[in-house]
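Colleague: Given the sequences, and given the hints that come with them, work out the whole structure.
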Amino acid sequence: MRNSPCVDKFRRFVVTRMLVLLLSLMATGSVAEAPGFPLVVPDYKLTFPHDYGAHPGFRIEWWYVTGWLETADKKPLGFQVTFFRSATGHNPDNSSQFAPKQLIIAHVALSDPAVGKLMQEEKTARAGFDLVYAKEGNTDVKLDNWRFVREADGHYRVDMQARDFGLQLALTPTQMMLLQGDQGFSRKGPKPEQASYYYSEPHLSVSGAVFHQGKPVTVNGRAWLDHEWSSEILDPEAVGWDWVGASLDDGSALTAFQIRRKDGSRLWAYAALRDASGHVTLFKPEQVEFTPVRTWRSPHTDAVYPVAMRIRTDSTEWLLTPLLDDQELDSRRSTGAVYWEGAVTLTRDGESAGQGYLELTGYVAPLDL
Amino acid sequence: MKRGLLSRWLLLGEWRAHFVQAIVVIIAIALGVALGFSIHLINTAAFNEFSAASKNLSGQSDLQVHGRQAMFDESLYPFLATYDGVELANPVLEFEVSVPGELIGRKDNKLKILATDMFRAAMISPDLLGMPAEGKPLDGLSDDAIFLSPAAMEWLQVKQGDLLPLNVGTQTMTLRVAGGLVRARAGQRIAVMDIGVAQWRFKHVGLLSRIELKLTPGIHRDTFKAALKQVLGDSYLVLEIADQEARVDHMSRAYRVNLNMLALVALFTGAFLVFSTQALSVIRRRHQFALLRVLGLTRQQLLRQILLEGATLGVVGSLLGLVSGYAIAAIALHFFGGDLGGGFFPGVKPSVYFSPLAAATFFIIGLGITLLGSAAPAWEAASARPAVALKSGSEDKALSKLSAPWPALICLSLALLFTQIPPIFELPVFGYLAIALLLIGGIALMPRFSAVVFSFLLKVMRRHITGAVSTLLLARLANAPNQASIALGGVLASFSLMVAMAIMVTSFRVSVDDWLEHVLPADLYVRAASVGDQGGFQLDEQKAMASLPGFTRVDFFRSLPFILEPTRPEITLIARPIDMTDPSNTLPMTDDMIAPVRLPKDVMPIWVSEAMVDLYGYTVGKRVTLPLGTAEQTFFVAGIWRDYGRQFGAVQMQLADYQTLSGDRSINTVAMWLQAGTTSAQAQTILRQLPFGDALEITPSGEIRALSLEIFDRSFAVTYLLEMVAVVIGLFGVAASFSAQTLARAKEFGMLRHIGMMRRQILILLAAEGGLLTALGVILGFILGWSLSLVLVFIVNPQSFHWTLQLHLPWGWLTLVAGIMLVSAALTALVAGRQAVSGHAVRAVREDW
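Here the protein sequences come in this chain order: A and B. Reminder that position 293 of the first sequence reads as 293 in the working numbering, one-by-one numbering, no gaps. Position in the second sequence (first residue = 1) + 369 = the working numbering.
The set of hints was computed from the structure by calculation and includes no laboratory data. Misleading hints may appear alongside valid ones.
Straight-line C-alpha distance at most 16 angstroms; calculated EDC-like pairs for lysine to aspartate or glutamate [to be verified]: (1) Lys262/A <-> Asp235/A; (2) Lys215/A <-> Asp164/A; (3) Lys101/A <-> Asp513/B; (4) Lys123/A <-> Glu456/B; (5) Lys583/B <-> Asp235/A; (6) Lys101/A <-> Asp508/B; (7) Lys718/B <-> Asp513/B; (8) Lys101/A <-> Asp512/B; (9) Lys479/B <-> Asp431/B; (10) Lys572/B <-> Asp93/A; (11) Lys424/B <-> Glu614/B; (12) Lys598/B <-> Glu609/B; (13) Lys117/A <-> Asp326/A.
Covered stretches of chain A (chain B as the covering partner; in silico rule of three or more C-beta atoms under 8 angstroms from a C-beta of chain B) [unchecked claim]: (14) 129-142; (15) 286-299.
Calculated Cβ distances over 12 angstroms to all of chain A for the following chain B residues [to be verified]: (16) Met492; (17) Ser782; (18) Phe1151.
Positions of the beta carbon are idealized from the N, C-alpha and C atoms, including for glycine.
Modeller: In structure tokens, the structure reads:
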């Protein structure tokens, strides 16, 4: 069935479907507003452990883990683990256990310079039958045999086996959690309702194994977790965003993102730097500036990504250099999402600062379908 | 080199002189091959398409888990999804819903719905996914969306965005046509929707039809299958594609084989025509051949020459037959689809596929039959002694070798023996062989028989009739029986086959008609669409119907499909009130039953259809187990009933027994008897006034009967067509052999003219000869045909379709065909004779010298 016309047709169809699905996850403009989703409000106080868990009432939610790993022979690897939850607004009266009320979408990716490109896999399924779920009360997300769970002692466990590779990691917090924005209320655009609840766990210490063709390789490293939920995030004008999260060597944590318009101009920006002592510096949108240093054209999708980026936060200049250029998630063959999610090294005003992850979305040219 | 020239010269010379006869032989062979080949192509195309379409529904799964009944509890799904060795479990809910009557015809209003989880199904059957409108990617999950294949859209006359009303039990529900499918097979009528939506909207919550499994790479399928079977136990079936193929094959195999056999009848008749034409042509040229022999042509060369003649006709005819057969198949498939009336391949649009193997087979059959037809005459011509053959009047002697009785008797006794042999692979192979042998034996005995009959007639008539013509006529027929019987071979073959088929079809039709009367005793039958694994009527609806005015009696039926053996089509379980004083009051029982008073008390009785005996060995008095309800239940087979409606088996039981065992109180069909004075129309009005009246499917029993007989006739339409072709070929044979004979007898007629016979008298003589011969052929054909019909009715039918028939003879029709045969044979003889007596008497006689 490899390349028969019907399969291609099917793929094209899935591309259309899932691409829009992903867009609808991020933005509200393309999908008619389904009633009954709660709004994100500034005065909500995040409470834990409850807010570690899922918030099925909200339209979208994700747990996003990115990090750097090192094998026993000191070879660097980058990894990314994502679980999305999406409420479809399906008829609440439907009593079937198969009723597609909640969808779970998961991505797993591994950047290995020895391989030269990103290894990745993704899955989509509806929640149900205890096979697929995002539980409330504490982080516990499952998609068939893929699992992301927060244990009672606060450490996270990742277990994801893909076709060619797999991850089995334990992530242990070494610092306080970081509430982004205003105590977890994170604005994403000029309008106050364009916001999400957002907290991060930087400086997670990682131990475990990476599987290559079924063989485990012991790894250690450092990771960053984002958990974010909302019903309406992006402005209709927005086409994508650039985001970076870095657990720096001196124990500080940098978060920065900008939301772009179609013409590339900045619609919104945010940056927060927490030093090792726990003091947080928040920057105003106009204090944050993203400047591309070097672009890379994807041979898979023809998209042009600014894979090396200069970020200015007020008077500080950060330079981001990718672990490898080809860290594009091209899943048009299955779920259709295309973005760049890569391990980067950072310098702060020219001096080595540490490692982080850069996410670049909305760069792929609109598909000619 | 010289031999090649001579051979060519002889061939061309013969064909130039007897062009029409060569053409007739070619046409007969071509027609037979064309029919056989086209029916084979059509059936194969339809079968392949049908099986591809049903395979298409299950996608690329390694194994499938089914319940014994149509649906099972969904709790098996998470169990299998997490089962070791399973990479992917795809839950499927497949069911049929009826489309409300106004939209389309009542006869065929079922739409198959395949409900899946698109995220799972995409990995296993990517073709059968809904394709939503652009910009509405998640429409497939909407609670009102249904996706239709192109064929279904055309059939229902809806397009994307239209609303589609469907029946659910006694209610009507409206869905929105959200789009087409990624790829459906041409003609495949199917709807796809989300499994969660379908479970809820169609009241199937908690139920699945099957779970398709994709195994982890490296897992050994057969080992896994065996282990899973152990774990799941008897209430589930673990199937692979091969099982499903076997099931589809079982469904239509008997029908396909029987139709192919019928198609070969035309070819078989053609063989007799080849034989008679070749035999007469050889006899006509006896002098020629004798002369050639005297001039030095060897026996082998002569044999080869005559066989070459036959082979050339065979090759040309077969090739022509293949070409026209392919054309017929292509045209028929294009305009009428693949269903030849049997109703086994609904909703597929196959296209013709040229199979070299089948073409080669039919070519060889065509050629072989021509060679077989030429072999005996060729052998005779080659082995004749030239000196004897040169003499005049040795023609009839030449054929006397053919009239030795022992080969015929061997054929007939073998045929009798073959009727006693059970079927092979559930096909009546020996039944068909017996028919062929009966036919050959019967025809081979013909010369002897006609000599006896006509000698007797001659003796009797001599005393009473003095006319020269009648004396000549009888003398000729009595003393030259071999030539006469050759002419009869074709008539006999085609007429007896036709008689056999006519008797079989009539027996079948009358049996079905009687049966329908028996199984449809009520006045009205009311149905509602099924709901999940429940019949359409729930308890309160049943109460409402039972208490309606205007009816004397109301019976409830519950029927459900049931898999007993994975590789066989489903059987039908029917639960209804059965009269325990005498079950034959309720069921069309055969004689094979145990009286209710003598039934064991400790076990529930069931009454099974004849097919259950053949296919599953459910003989009367046996204790059998059926997985009904939650556990295996033992039943006692109390009797066998006739069922012409369900070829794959059916079991009837008391409704009360069924309800006790299964706890299922729902009902599919309600049989209602009208009170005296209530008309059917009034009763229907009363029913329509029920709160759920609109969703009822009300059919008067007369209508069901008419519809059933219409379906019956439609399925035999092709049979009638094949019969007609066989008759036409038979008549061809009569024409060919009579004209050949009259031409060969030009000398005789010349002589008769010399001694004073009038041209008119000769013509009368010929017409009478033709008529008398045909009359004998018709009588013998009738006897032979009747014997053949016994084989068809009592052996081929029960062995193929697992039902028995009662013999009924269509006298009127038989008389009509016999009359047509007689008249056309006499006319043919006359036309051929005109040509023979048209020349000068002197020239005709001179030819001899």
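Colleague: None of the hints should be skipped; say for each whether it holds.
Modeller: Now for the hints, and whether the structure bears them out:
| no. | hint | in the structure |
| --- | --- | --- |
| 1 | Lys262/A <-> Asp235/A | 12 angstroms, holds |
| 2 | Lys215/A <-> Asp164/A | 10 angstroms, holds |
| 3 | Lys101/A <-> Asp513/B | 14 angstroms, holds |
| 4 | Lys123/A <-> Glu456/B | 13 angstroms, holds |
| 5 | Lys583/B <-> Asp235/A | 42 angstroms, violated |
| 6 | Lys101/A <-> Asp508/B | 13 angstroms, holds |
| 7 | Lys718/B <-> Asp513/B | 29 angstroms, violated |
| 8 | Lys101/A <-> Asp512/B | 10 angstroms, holds |
| 9 | Lys479/B <-> Asp431/B | 29 angstroms, violated |
| 10 | Lys572/B <-> Asp93/A | 13 angstroms, holds |
| 11 | Lys424/B <-> Glu614/B | 8 angstroms, holds |
| 12 | Lys598/B <-> Glu609/B | 12 angstroms, holds |
| 13 | Lys117/A <-> Asp326/A | 5 angstroms, holds |
| 14 | 129-142 | holds (count 3) |
| 15 | 286-299 | violated (count 0) |
| 16 | Met492 | 9 angstroms, violated |
| 17 | Ser782 | 58 angstroms, holds |
| 18 | Phe1151 | 58 angstroms, holds |
Consistency note: the structure conflicts with the earlier hints numbered 5, 7, 9, 15 and 16.
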